[in-house]
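Could you slot chains P, E and U onto chain F? The hints should help.
Residue numbers (my numbering), protein chains in the order written: chain F, 325 to 453; chain P, 142 to 315; chain E, 157 to 249; chain U, 73 to 251.
Treat the hints loosely; a few may be bogus.
As the list claims (entries may be wrong) - Selected chain F positions facing chain U (in silico; Cβ < 8 Å): (1) Glu380; (2) Thr394; (3) Val418.
Derived by calculation from the structure, the hints in this document are not laboratory data.
Glycine included, each C-beta is placed from N, C-alpha and C at the ideal position.
Take a look at the letters that make up each chain.
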Amino acid sequence: MIELLATRYAYLLMFVLLGIGLYMTIASQNLVKKLIGVNLFQTAIFLFFVAVAYVEVDGEPGGSPVVPATENPASSDLILASPLPHVIVLTAIVVGIALTAVGLALIVRIYSEYGTLREDTLREVRADE
Amino acid sequence: MADSRSTGYEDTYTESQVILTAVKVIAPFTLTYGMFMTLHGADTPGGSFQGGAIIGVTVLMLAFAFGIEPTRQWLKNSVIVSLVAGGVAIFVGVGLATMALGGNFLQYELFDTELGIPDGTKWGMEAIEIGGIALIVAGVVITLFFATAAGFTPEGRSYRTDSTDTDDEVITDD
Amino acid sequence: MIPTDINEIFLFAAAIFVLLAIAMFYRAVAGPTTQDRLLAVNVLGTNTVVILALLAAGLDQPWFLDIALIYALLNFLMAVAISKFTVERGGVL
Amino acid sequence: MSLVAYTLVAFILVTAVATALFRDVLSAIVVFGAYSLGMAILYTLLLAPDVAMTEAAIGAGVTTILLLLTIARTSRPSTERLFEPINVPALVIVGAFVLVLVTQLLPEMYAVGDPAAPVWSNPEVTQAYLEQTYRDTGVQNAVTAVLAAYRGFDTFGEAVVVFAAGIATLLVLKREVFA
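Same shape as in the complex, but just chain F (with noise of 0.2 Å):
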């Protein structure tokens, strides 16, 4: 069970994170603090794609995806981390604050309509109306 856990740690880590995420998104009263949320749900997410991308062998770790300037490698220059998960992950933190700006200007506007950024008021105003 703890070798289990050890070796295993980025993803253990992710799915505490994606809990806490959820978490925050529910319980939280505050729109801002849901969006920080949601914002570390995200990261749990980079994480995953982060860590499905790293490699070691005999317990020493790989190199970042930088290939050697050669028309033909060898294959032991090779031991390199996935550029792959690492390019979808890099456009998704730039789309993640384009989300997030839009979240805010949307809180902003939110407040501005109805004084107040706490869900349950929120609710109590939109139901008087």
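Frame of chain F; chains P, E and U shown alone:
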């Protein structure tokens, strides 16, 4: 506090000597570093997403030191529009150029075989990295910052059309 | 437990610095005022730069120093942003 | 190697829990900045320097500033307590979710860094990219090659999404100028 808000320029906090001096020293370095990261992304870790973000962050730094309103006045709207729209246009342009040469969208090796540019693939990639993504990311980071900093004004008027007269409500009331 | 190889020593030192970061995080949680938290996070940022430099040495990946440089820059920006926010509740931001 | 990873996991967990529990939004944002720092070190340790740089520049820098600006433009609840009260039903649901993931999914995962993992050992994806990158494109950084050449159309879509998000923010805030 209400007075200093309405004028926006005689704010003691935006003229903090410590921040002003530090930013004056650091900002050129940040800009250079962002450009280095963009230009050098082909052979070392780094690239246009990171470089563009750092270039954008330089403007954020200036805005914190000199105040957001003066920076907004200094930075022309057309600059940001040309950064963001120009980035997309360059990206599409490179893609369409390869199509015009008879290939697929972004088929870079045609620059080499058809136009005779040595290392055409590499320079095509550098073109969309430097000209495309870096400009878009830098422009969007600056846009998001200024849009969020301005907040929401119900009348929907833009500050730029106003002169910098004193009744300009810079910050929406809480 | 105590490493002998020079790279191992760098990584061990990095682990110690992460432990110190956790210790510093106590101030970020407990700190009665926001200023305490700001200072704690600022120290954490500096700590991060050191950890990244040690990782760069320990894993023989000199590019990691670039990340450390970005951190050094952004740490300053974050410190300025949060400090200006704490004055007059963001009125001067 | 593993010692650094375990301590980092502990650090990230502590910061994430603190972010979730702080009642004061400003403190949560500040602690979330610390969380991003820890996450970027973990990305670095997992040999993803490009991702770590992006997380450093965007996750820790720009996100924190946008969140700060938002609470400066809206409200920040007064704090009589340090931590939020625990929401028990939500905690039960989330706990069940995490428990299912850990007990059912975790044993099925390959160990972190196992060269036999399908992502890494696939001769048609990862190995092909690593072998052919320099021959095909003439750049050494495989991430840049995949980003701009092999998946260039995808990146085009991402760039336009970022552009669209900028426009959407301006529309939501009813602003007509970019700066």
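Structure-based check of all given hints:
Restraint check, glutamate 380/F versus chain U: the minimum CB separation of about 4 Å is within 8 Å; hint holds. At a threshold of 8 Å, the smallest CB-CB gap from threonine 394/F to chain U is about 7 Å, leaving the interface hint in force. A cut of 8 Å between beta carbons decides the hint on valine 418/F: the least distance to chain U is about 6 Å, and the hint holds.
The structure meets every hint from the earlier list without exception.
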